[in-house]
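Engineer: Whenever a hint applies, use it, and build me the whole structure from the sequences.
The primary structure of each chain is shown beneath.
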Amino acid sequence: MRIFLSGLRKLQRRPATWLTFGILTGLLVMIIFAVAATGGEGGQGGGPDGPDPLTLVTFPLAYQLILGFIVGLGGLFAVTYGAAIAGSEWSWGTLKMAVARGESRSRYMLLTFGAVAAYLVAGLLFSFLIGVAAAFIGANLAGVPTDGMNNADALGALPEQFGRGWFAMAEQGALGFAVATLARSQLAGIGVGIAFYFGEAFAGIFLPDIVRYMPFNVATSAVGLGGGGFGAGPDPLPQETAMLLVGAWLIGSLIVAATFTERAEITG
Amino acid sequence: MCANPGRLAAVGGRSSAGTLPQEMTASPDGLALATHDLRKSYGSRLALAGLDISVPTGVVYGFLGPNGAGKTTTMRLLTGLIHPDHGSIELLGRPFSGRDRRRLFDIGALVETPSFYPFLSGRENLRAIGASGAPTTKARIEELLELVGLRDRARDKVSGYSLGMKQRLGIAAALLSDPQLLLLDEPANGLDPAGIVAIRETLRHLAAEGKTVFVSSHLLGEVQQMADVIGIIAAGRLVREGSITELLHGADLVRVKVAPHEVASAAKHLASLPGLDRVEPSADAGWLTVRIAADRAAEVNRALADAGIYAARLEAGSDLEELFLTLTADEAESHEGTFQGIATPTAPGDDR
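In order, the protein sequence lines correspond to chains A and B. When the letters of the first sequence are read in order and numbered with the numbering used here, they come out as residues 1 to 268. When the letters of the second sequence are read in order and numbered with the numbering used here, they come out as residues 1001 to 1352.
In short, the hints are calculated from the structure, not lab data. It cannot be assumed that every hint is accurate.
What the hints assert, rightly or not - In the SDA-like style, the derived pairs of lysine to any residue whose C-alpha atoms are separated by at most 25 Å in a straight line are:
{"id": "1", "chain 1": "B", "residue 1": "K1157", "chain 2": "A", "residue 2": "L187"}
{"id": "2", "chain 1": "B", "residue 1": "K1138", "chain 2": "A", "residue 2": "R14"}
{"id": "3", "chain 1": "B", "residue 1": "K1157", "chain 2": "A", "residue 2": "S185"}
{"id": "4", "chain 1": "B", "residue 1": "K1257", "chain 2": "B", "residue 2": "V1239"}
{"id": "5", "chain 1": "B", "residue 1": "K1157", "chain 2": "A", "residue 2": "T17"}
{"id": "6", "chain 1": "B", "residue 1": "K1157", "chain 2": "A", "residue 2": "A16"}
{"id": "7", "chain 1": "B", "residue 1": "K1157", "chain 2": "A", "residue 2": "S91"}
{"id": "8", "chain 1": "B", "residue 1": "K1157", "chain 2": "A", "residue 2": "W92"}
{"id": "9", "chain 1": "B", "residue 1": "K1138", "chain 2": "A", "residue 2": "R107"}
{"id": "10", "chain 1": "B", "residue 1": "K1157", "chain 2": "B", "residue 2": "R1127"}
{"id": "11", "chain 1": "B", "residue 1": "K1257", "chain 2": "B", "residue 2": "S1272"}
{"id": "12", "chain 1": "B", "residue 1": "K1257", "chain 2": "B", "residue 2": "R1313"}
{"id": "13", "chain 1": "B", "residue 1": "K1157", "chain 2": "A", "residue 2": "D209"}
{"id": "14", "chain 1": "B", "residue 1": "K1157", "chain 2": "A", "residue 2": "G93"}
{"id": "15", "chain 1": "B", "residue 1": "K1268", "chain 2": "B", "residue 2": "I1309"}
{"id": "16", "chain 1": "B", "residue 1": "K1157", "chain 2": "A", "residue 2": "L19"}
{"id": "17", "chain 1": "B", "residue 1": "K1268", "chain 2": "B", "residue 2": "A1251"}
Structural biologist: Right under this line is the structure:
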């Protein structure tokens, strides 16, 4: 528990936390305001038959679109954030300090990831609230009615969507965490994490039947809200199947990170 | 650098270096640290080739060796960061293996460069480090910040600390759990002269309290002043271990300083002393090394005086630098990459 709480305190002071949150939220707000300011005249996404851009500020659909954006693009941020936290433990030698004090290696890494997962919940929640606030302002700017904000069905579905969204982001964060642990480096972890993200998207064009089971695609399928990360990709998996696979990727990533840390020779 | 660097020694007290505490000889079991046939390779490179060291309880143990001799590898093994290929380690009288990590709760360590979160302050870093391993208290953190002279800078981010300040913080981190055994790798690295004196005093004080301090260092003069016992390793093996008093005073030599223009004359007169092995003019101007039993220093002095040459200084026994270089010379010569320095031109016929 001491390590988990200490992890929370460290992440609260860490610039990467605020940078990740700031960029994601800033992009979201910027897009919402741009849509609202142009009155939806910036063009329709996906061609003439695509959705009206103003749906981004039209409630209750705005709830799902904002959450979908955060969870979709947030996957990229989650993987880099997870990689940054795990990699720095090796790069800065702070894991070495903990091990030399007699701390369990695997417990230290797992609880450190626990703190990352807690910050992903907070990031998801606050980004969503800021996005909703921006959409509300945007709706007023664009003259779109906001009475859909109180739609009971949409509000009632949010907790489950949040849960799935967080689970998906945690899985992607764990993937970055494991990659950086294997690389023993913050920068290498972030680089490889980003490469995986875009590599999976690219591979999805040519190997859709395989890539649909890969970590970023199963995360998108599990949330079931679409997302900001991929364009046309493999057909999504059934949501419950995808949730199971997200769990498998999450647990697998953490086992890899813990096992590697447990067996590693810490020489840096 | 620090507002109050001398506070590192605030706990005061000093026992005389070279005088072994009672614990050292009181019991054959009184070892704080021991390794037996410890071996470790990195790929094809042999780092430790059967290291056997014995560190008595309650002493400052100077762990010396040339670059690449295996000092840091030993530190890593003692702290469970890496695993030995062969051999065993005993910490505080009990066997230690990687599975028995709680043994490290009684041990404080500073291995290689101190490691911190750059975005946290010194105080926050100590709290973060204290969250792992043996529990510690806020009061202990404040006490250590005071001890290492960082209290006034405790709120500043570590990214703004100098190397010496990070080193001080590293020493504080090693002391967090009030350890019985302290393992320090180059603790004086980056410290200013006042800081070096302060850490020497602090380590002496800890030993006087009955704690054991194991210090790896390249500062031979510093080790000579602070250590009770030394172990010298070369090429992964122990080449000498013992009390510093015995090792230095056991050497059969007397060093004499005379006026530089009298060196040749002094050497000529001393050469006639019975039982003398040889006389060597040292590299330092005016120094001669006389290979003779250290307890015959008075005879050397008398011989010089009889010849009308008066010694400015006279030292019986070796110093640590000379002992170190002598013991490690053979190993160094057999290893590639040893730093040779700038060769001093020698006169024709000079066979030194």
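Engineer: If you draw a straight line from the CA of K1157 of chain B to the CA of A16 of chain A, is it 25 Å or shorter?
Structural biologist: 16 Å, holds
Engineer: Can you confirm whether the C-alpha distance between K1157 of chain B and T17 of chain A stays at or below 25 Å?
Structural biologist: 17 Å, holds
Engineer: Between K1257 of chain B and S1272 of chain B, does the CA-CA distance stay at or below 25 Å?
Structural biologist: 18 Å, holds
Engineer: Hint check: K1157 of chain B vs W92 of chain A, CA-CA at most 25 Å. Holds or violated?
Structural biologist: 15 Å, holds
Engineer: Are the Cα positions of K1257 of chain B and R1313 of chain B separated by 25 Å at most?
Structural biologist: Holds. K1257 of chain B to R1313 of chain B sits at ~5 Å (cutoff 25 Å).
Engineer: Hint check: K1138 of chain B vs R107 of chain A, CA-CA at most 25 Å. Holds or violated?
Structural biologist: Holds, at roughly 23 Å.
Engineer: For the pair supplied as a hint, K1157 of chain B and S91 of chain A, confirm whether the alpha-carbon distance does not exceed 25 Å.
Structural biologist: 18 Å, holds
Engineer: Compare the distance between the alpha carbons of K1157 of chain B and L19 of chain A with 25 Å, and conclude whether the hinted pair is satisfied.
Structural biologist: 18 Å, holds
Engineer: Does the structure keep K1157 of chain B and S185 of chain A at a Cα separation of 25 Å or less?
Structural biologist: 22 Å, holds
Engineer: Check the hint pairing K1268 of chain B with I1309 of chain B against an upper bound of 25 Å on the C-alpha distance.
Structural biologist: 12 Å, holds
Engineer: Against the 25 Å threshold, does the CA-CA distance of K1268 of chain B and A1251 of chain B hold or violate the hint?
Structural biologist: 22 Å, holds
Engineer: Need the status of pair K1138 of chain B, R14 of chain A: alpha-carbon distance at most 25 Å?
Structural biologist: 22 Å, holds
Consistency with the previously given hints fails for numbers 4, 13, ordered from lowest to highest.
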